[in-house]
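Peer 1: Assemble the whole structure, with the sequences as input and the hints as a guide.
Going down the list, the sequences are from chains A and B.
At position 118 of the first sequence (counting the first as 1) the number is 118 in the UniProt record's numbering, and the numbers step up by one without a gap.
At position 132 of the second sequence (counting the first as 1) the number is 132 in the UniProt record's numbering, and the numbers step up by one without a gap.
Don't read these hints as lab results, they were simulated from the structure.
A portion of the hints provided could be inaccurate.
[Unchecked claim] A few chain B residues that don't get close to chain A, going by computed Cβ distances all over 12 Å:
1. His44
2. Asp61
3. Asn64
4. Thr89
5. Thr122
6. Glu192
7. Asn199
[As the list claims (entries may be wrong)] Dumping the calculated DSSO-like pairs for lysine-lysine here, alpha-carbon to alpha-carbon at most 27 Å:
8. B/Lys56 <-> A/Lys121
9. A/Lys150 <-> B/Lys68
10. B/Lys56 <-> B/Lys43
What you are looking at is a predicted structure, and each value in this text was computed from that prediction instead of being measured.
A virtual CB, placed ideally from N, CA and C, is assigned to each residue, including glycine.
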Amino acid sequence: MALTISNNIVNSIFKRFQLLNLQNALIHNTSCLNAWKATKEKGPTHWLDYNKKIYPPQTPDEEPRKAYVCHQRTNIKYSPFKMWYIASLIRGMSVDEAIRQLKFVLKKGARDVQEVLEEAKELAVKEHNVEFPSNMWVAESFVGKGTVIKGIRRHARGRVGTVEYFHCHYFVRLEEGTPPKHYYANHPKEPHELLEDWLSNMRKRKVINSI
Amino acid sequence: MAFRGVSIKSHHRLLYEKMCGFLIGNSPALTINNQTVRHRRTKHWDPKWKTLRRLKVIKVDLPNFREKFDELSEEEVRSRLKQSGVLPTRPWQEHPFSITSTGQIFEAYVPPEGDGKVSPITVQGAKQSLQFLEKKTKTMLTVRKIRQFEEEFDGPQFCKEATNIYIKVHELMAKKELDNLTDYVTERVYPEVIHNIDNKTLNWKYLKDVELPRIVHARHTNVVTNDNIFAQVTVRFHTQQILAVYDRFGRLMHGSEILAKDVLEYVVFEKHLSNQYGVWRIHDKIIPTWLPPREPLRRTFRKIVEPEVDSTVVPHEEENVEKDTSKELSK
Numbered sequence: 001m002a003l004t005i006s007n008n009i010v011n012s013i014f015k016r017f018q019l020l021n022l023q024n025a026l027i028h029n030t031s032c033l034n035a036w037k038a039t040k041e042k043g044p045t046h047w048l049d050y051n052k053k054i055y056p057p058q059t060p061d062e063e064p065r066k067a068y069v070c071h072q073r074t075n076i077k078y079s080p081f082k083m084w085y086i087a088s089l090i091r092g093m094s095v096d097e098a099i100r101q102l103k104f105v106l107k108k109g110a111r112d113v114q115e116v117l118e119e120a121k122e123l124a125v126k127e128h129n130v131e132f133p134s135n136m137w138v139a140e141s142f143v144g145k146g147t148v149i150k151g152i153r154r155h156a157r158g159r160v161g162t163v164e165y166f167h168c169h170y171f172v173r174l175e176e177g178t179p180p181k182h183y184y185a186n187h188p189k190e191p192h193e194l195l196e197d198w199l200s201n202m203r204k205r206k207v208i209n210s211i
Numbered sequence: 001m002a003f004r005g006v007s008i009k010s011h012h013r014l015l016y017e018k019m020c021g022f023l024i025g026n027s028p029a030l031t032i033n034n035q036t037v038r039h040r041r042t043k044h045w046d047p048k049w050k051t052l053r054r055l056k057v058i059k060v061d062l063p064n065f066r067e068k069f070d071e072l073s074e075e076e077v078r079s080r081l082k083q084s085g086v087l088p089t090r091p092w093q094e095h096p097f098s099i100t101s102t103g104q105i106f107e108a109y110v111p112p113e114g115d116g117k118v119s120p121i122t123v124q125g126a127k128q129s130l131q132f133l134e135k136k137t138k139t140m141l142t143v144r145k146i147r148q149f150e151e152e153f154d155g156p157q158f159c160k161e162a163t164n165i166y167i168k169v170h171e172l173m174a175k176k177e178l179d180n181l182t183d184y185v186t187e188r189v190y191p192e193v194i195h196n197i198d199n200k201t202l203n204w205k206y207l208k209d210v211e212l213p214r215i216v217h218a219r220h221t222n223v224v225t226n227d228n229i230f231a232q233v234t235v236r237f238h239t240q241q242i243l244a245v246y247d248r249f250g251r252l253m254h255g256s257e258i259l260a261k262d263v264l265e266y267v268v269f270e271k272h273l274s275n276q277y278g279v280w281r282i283h284d285k286i287i288p289t290w291l292p293p294r295e296p297l298r299r300t301f302r303k304i305v306e307p308e309v310d311s312t313v314v315p316h317e318e319e320n321v322e323k324d325t326s327k328e329l330s331k
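Peer 2: Right, dumping it as structure tokens:
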């Protein structure tokens, strides 16, 4: 909207100048037309700070701490709502498996996610003392909403509709080690767990009018 | 839903749809909307209002957030700046220049091979001590020069001071307190000191001297004017230290917390003598050529093999260029 308005204003000023017989074609109008581009978008700020956290030294008898690396890609031209499916798909997979699976996802965002994973792998080896990049799994994978640029669309009877051009941020955390058996807490229970539950429930029940 | 056929090039591979109905053939209305690829999902059943439908959406010039400014060519940058009405920045022609320290070691000390091992009683040891004597005259001159500016300059006393500076630098480095570091190291060596210490925890301990530190070499020089004098003194440290390097997650990367190692080092100290407030600071460390290779890191790497380029083989393009020029010459 702003775009068209400013354009109109500039054009009207331009015409007036022409009427006044001033030197025409000397007005540079591109700067004001592109002024909205100059507003700097404030992207995500905290995610990469986790990479700066330094843990205290461990003694030799302790189990070595698992390394992790956080990585992100900001303002991808893709809908965050569509990206969510891709992000959820690879949660709890090993990195290589995730990359392999993403190769078969026919969505535009999958390419970006794949690239981010590969970058994160490289980063882990280069900066975070990870020995084997394949020995990592996707511990966190989520999407954030980026810049939304609004465009307009004509509707009937002189009305105006908005078109939202979405961008999204993608965040990932790779952790060293093998992926857990279940990523989410509410996974279906194993048969022996079900049996234990049933037994405990049966023992807990109250038999009315008993001793 | 019935007749949704399209005219377009029938041989096009991307066209999945069957051509059917009355739209097949060379009807004049269809030649206008000659879209090369059409899918079922992109197509409206009535092409009549196509242009008007297009005009309903006003095109927005979307910014490319993923574009890297560094990768743009000069011409592209120019056009971008012009488009956004920004004047190009003034080229940065100043060259940063530090005058508080010199840029290198002048007449560097050459450590004798097998130092720290050879006893002075053996033949080799005797030879070494003779060589030291030969080089001593210049050192004596410099010490005299230093005494002109610093009257109480005394070898053993200076070595004590040097040890303190040496320890202080390592402690500050381990604690990563970089604010006061330039009081103990010169601007030349500062980037080398702080290189690669971020994301790591250093545990460094100075245990004792194996031998007392001593001055092995001293030189001075004047910069620009005759009375602007810098002095450099090389001190030999033979000490016992403990070093353990931990990565970001507290896992041991290098060294050990319990293993003490003998360390032989030649550390160059520098002072701006003409400066009233000049102090002795660490300027460099001399690494002898005969030094045995370092202990490698305890992890595996993927070795990057660079393709060997045979210098005798001339690439095709260059060959062609040469031939062309020779042809021109023959003409």
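Peer 1: The structure should be examined with respect to each hint, and the outcome stated for every one.
Peer 2: Verification of the supplied hints:
| no. | hint | result |
| --- | --- | --- |
| 1 | His44 | holds (16 Å) |
| 2 | Asp61 | violated (8 Å) |
| 3 | Asn64 | violated (8 Å) |
| 4 | Thr89 | holds (15 Å) |
| 5 | Thr122 | holds (41 Å) |
| 6 | Glu192 | holds (20 Å) |
| 7 | Asn199 | violated (7 Å) |
| 8 | B/Lys56 <-> A/Lys121 | violated (45 Å) |
| 9 | A/Lys150 <-> B/Lys68 | holds (24 Å) |
| 10 | B/Lys56 <-> B/Lys43 | holds (16 Å) |
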